[in-house]
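One-letter residues, chain by chain:
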Amino acid sequence: MQRNEKSDDKHDIEVKLTKKAIRGNADAYGELIRRNQEYLYKMAYVYTENQQDALDVVGTAILKGYQNIRSLKNPQWFRTWITRILIRCAQDANKKLVYFSSIDEVEIPERYEGISLEETWDLRNAIELLPEKYRNVIILKYFSEMSVQEIAYILEIPAGSVKAYLSRGRDELKKYLKEDYMYAESV
Amino acid sequence: MQNLFEAIKVPQEELENIVNEKLDMIRNHSRKKKRTRILCSFTAAAACIAGLVIFSVSNPVLAAQLPLIGHLFSQLEDKQPYYRDMDETKVQTIPQTEESENVVDGLKISLSEIYCNTEAMYMTVLLESKEGFPDYLTQPESDSVDYFIANAEQTFDFAEGTMIFPLQFSGQYIDEHTFAGSTRIDFSMGYGYGDMSWSFPDAVPKSFHWNMKITDIYTYYDVSQAPDKTYALNGPWTFEADVAARQTEKIVKEVNDYGPGGLGITTAEKGEFEIILNYAHDESKAAYDYESVQSVVLDADGKYMLDKVGMLPIGDFNVSKIHVYYFPVASEDDYAAIQEKLTVGEPADFIKEIAIHHTEIDFGS
Numbered sequence: 000m001q002r003n004e005k006s007d008d009k010h011d012i013e014v015k016l017t018k019k020a021i022r023g024n025a026d027a028y029g030e031l032i033r034r035n036q037e038y039l040y041k042m043a044y045v046y047t048e049n050q051q052d053a054l055d056v057v058g059t060a061i062l063k064g065y066q067n068i069r070s071l072k073n074p075q076w077f078r079t080w081i082t083r084i085l086i087r088c089a090q091d092a093n094k095k096l097v098y099f100s101s102i103d104e105v106e107i108p109e110r111y112e113g114i115s116l117e118e119t120w121d122l123r124n125a126i127e128l129l130p131e132k133y134r135n136v137i138i139l140k141y142f143s144e145m146s147v148q149e150i151a152y153i154l155e156i157p158a159g160s161v162k163a164y165l166s167r168g169r170d171e172l173k174k175y176l177k178e179d180y181m182y183a184e185s186v
Numbered sequence: 000m001q002n003l004f005e006a007i008k009v010p011q012e013e014l015e016n017i018v019n020e021k022l023d024m025i026r027n028h029s030r031k032k033k034r035t036r037i038l039c040s041f042t043a044a045a046a047c048i049a050g051l052v053i054f055s056v057s058n059p060v061l062a063a064q065l066p067l068i069g070h071l072f073s074q075l076e077d078k079q080p081y082y083r084d085m086d087e088t089k090v091q092t093i094p095q096t097e098e099s100e101n102v103v104d105g106l107k108i109s110l111s112e113i114y115c116n117t118e119a120m121y122m123t124v125l126l127e128s129k130e131g132f133p134d135y136l137t138q139p140e141s142d143s144v145d146y147f148i149a150n151a152e153q154t155f156d157f158a159e160g161t162m163i164f165p166l167q168f169s170g171q172y173i174d175e176h177t178f179a180g181s182t183r184i185d186f187s188m189g190y191g192y193g194d195m196s197w198s199f200p201d202a203v204p205k206s207f208h209w210n211m212k213i214t215d216i217y218t219y220y221d222v223s224q225a226p227d228k229t230y231a232l233n234g235p236w237t238f239e240a241d242v243a244a245r246q247t248e249k250i251v252k253e254v255n256d257y258g259p260g261g262l263g264i265t266t267a268e269k270g271e272f273e274i275i276l277n278y279a280h281d282e283s284k285a286a287y288d289y290e291s292v293q294s295v296v297l298d299a300d301g302k303y304m305l306d307k308v309g310m311l312p313i314g315d316f317n318v319s320k321i322h323v324y325y326f327p328v329a330s331e332d333d334y335a336a337i338q339e340k341l342t343v344g345e346p347a348d349f350i351k352e353i354a355i356h357h358t359e360i361d362f363g364s
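Residue numbers (numbering that gives the first Met the number 0), protein chains in the order written: chain D, 0 to 186; chain A, 0 to 364.
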C-alpha cells in the first residue's frame with residue numbers, strides 16, 4: 000500500500016514537472032530527463048546494441064524532446080511520449096550505420112548479468128530475427144512494460160494492430176525459445 | 000524478459016556527461032530566449048514601424064496567395080489532430096484589417112479564420128516572409144517539422160487574467176515565402192501565469208472580445224542535427240477580434256463495460272469533432288486470453304469507424320449511438336482477414352455473427 004502511495008506521489012510530481020516543461024521551463028524538463036535517464040539509456044541500448052550509439056541516441060532524444068515538448072498534449076504521458084521520440088532517434092541512427100559483422104565476431108555483452116549466457120544468446124538472437132513491426136511491440140511490451148494503448152501511441156498504429164503484432168511476435172519467438180522462459184516473466 | 004532489460008549495464012559516468020551536456024545546451028538556449036524577449040520590449044515599436052514600411056513594397060507571392068485567406072481550415076485538415084470536416088458556413092472569416100494582420104521584421108502574420116465553440120477556439124494563420132523562409136525549412140533534406148511555435152499572451156473579456164501559453168501553428172509551406180498553419184486554443188488551460196492568481200471561468204459566452212500578442216515566433220530544421228538552423232523572430236504581432244462562440248456541449252457517458260479479454264471502456268466523451276473512448280484493462284474480467292479478443296467500433300448505421308487509440312474522428316458518421324463489438328481471433332492472419340471485411344460494404348451483419356460481446360453507447364443525439 001505504502002509502495003503504491005509512493006508511486007502515486009512520484010507520478011504526481013512528474014505530471015507537475017511535465018506541465019511546467021510544456022510551458023517552457025527548461026529546469027523542469029531537465030528534472031524529468033534525470034528521472035528517466037537510465038530507462039532511456041536502456042531502451043536506446045536495446046535498439047542500438049552499442050554503448051556509444053545508445054549514448055548518442057539519448058543525447059539526440061533529449062534535444063528533440065525539448066524542441067517538441069509543447070506538442071505533448073497529455074502531461075500524464077511524458078514517459079510514453081519521450082519513448083516515441085527516442086525510438087525514432089534510434090531508428091534514424093541505425094539507418095546510418097552499416098555493419099559488417101559475421102556471427103563469429105559478435106560478442107555477448109556483459110549487460111545481461113544474472114542471466115545465463117545461453118538464455119541471453121537465445122533471446123537476443125530470437126528478438127533480432129523478428130520482423131521490425133513485431134520486434135518493436137515485443138520490446139515495448141516486455142522490456143518497458145507499456146500498455147497496448149501506450150504502444151499504439153508510440154508506434155502510431157491502431158491498438159488492434161498492436162495486439163495482433165504481439166500475438167504474432169510471441170508465436171515467432173516461441174519457435175526459438177523454450178515456452179516456459181517466455182511466459183515465466185511476461186504474462 | 001523484464002529482468003533482461005533491468006540487467007542492462009548503465010555506464011553511469013558517460014550517461015551523466017551526455018545528459019549534462021545536452022541539458023546545458025537547453026538551459027543556455029532558454030536563457031538566451033528570455034534575454035531577447037526583454038530586449039524586444041524596448042525595440043518592438045521601432046521594429047514594427049520599420050516592418051510596415053518594408054512590407055508595403057509589392058510582393059507578388061503575397062498577391063498570388065491572397066485567395067488562401069478564409070479557406071485554410073479545409074486545406075490544413077490533415078495536418079492537425081483536432082477537427083474533421085469543419086462546416087465552412089460556421090467559420091468566421093477574418094476581414095483583413097490592422098487588427099488581423101501585422102508585419103514585423105519582414106514577417107507578416109495574418110489571421111485567416113476562427114472557429115469557436117465552448118471548448119476551444121480554432122484558428123488559422125498565414126505567415127508570409129518578404130525575404131523568403133530559409134531553404135532548410137522549405138526544401139528540407141529529410142522529414143522536417145512543419146510548424147511554428149508562437150509565444151503568445153491572450154486576453155478574453157469574459158475571463159480575468161492573461162492566458163500565457165505557446166501556440167503551435169501546424170501546417171505546411173505553400174511556397175518559399177508562405178506558410179499556412181492552424182492551432183487550437185483550449186479554454187480549459189486557465190488564465191494566469193506562474194504564481195499569479197489563476198481564473199477558470201465556468202462558461203464561454205456566445206460572443207466575446209479577444210486580444211492576442213505574439214511576442215516571438217520560431218521554428219527549427221532539426222536542432223540536434225543542425226543547431227544553427229533555427230528561424231526565430233521577435234515581435235510583437237498584435238491582433239484582436241470579436242468572436243462568436245457556438246454553444247456546444249460535451250456529452251460524457253459512464254460505460255464501465257469490459258470485453259471478455261479484460262479490455263473495456265470506462266467513459267465515453269462526445270465533443271463536437273471527436274469521440275474519446277477511455278479504455279481500461281481489468282484482469283479479473285478476462286475470460287479469454289488478452290490478445291485473442293479484438294474489438295471494433297461501428298456507428299449507429301453500422302459503418303466501421305477507425306479507432307485512433309481511443310479517439311474517433313466524427314466526420315460524417317452517425318454517432319447518435321456507437322457500438323463496440325468484441326470478437327475472437329485465432330491468429331494475425333485471421334484478424335487481418337476480419338479487418339479487411341470491416342472496411343468494405345456493410346460490416347454490421349458480419350460482425351454481429353462473430354461477436355462474443357457487445358457494448359452500446361447511446362449519446363442520445
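Treat the hints with caution; some may be incorrect.
[Claimed, not checked] Here are the simulated lysine-lysine pairs, DSBU-like style, with alpha carbons at most 35 Å apart:
no. : chain 1 : residue 1 : chain 2 : residue 2
1   : A       : 205       : D       : 18
2   : A       : 8         : D       : 9
3   : A       : 340       : A       : 320
4   : D       : 19        : A       : 212
5   : A       : 340       : D       : 18
No lab work stands behind these hints: they were computed from the structure.
Going through the hints against the structure:
Proposed proximity of residue 205 of chain A and residue 18 of chain D is supported: the alpha carbons are some 30 Å apart, at most 35 Å. A C-alpha spacing of about 24 Å is found between residue 8 of chain A and residue 9 of chain D, which places the hinted pair at or below 35 Å, so the restraint holds. With a CA separation close to 22 Å, the supplied pair residue 340 of chain A and residue 320 of chain A stays within the 35 Å bound. For the hint linking residue 19 of chain D to residue 212 of chain A, the alpha-carbon distance of about 21 Å falls within 35 Å, and the restraint holds.
Between residue 340 of chain A and residue 18 of chain D the alpha-carbon distance is near 43 Å, which puts this suggested pair outside the 35 Å criterion.
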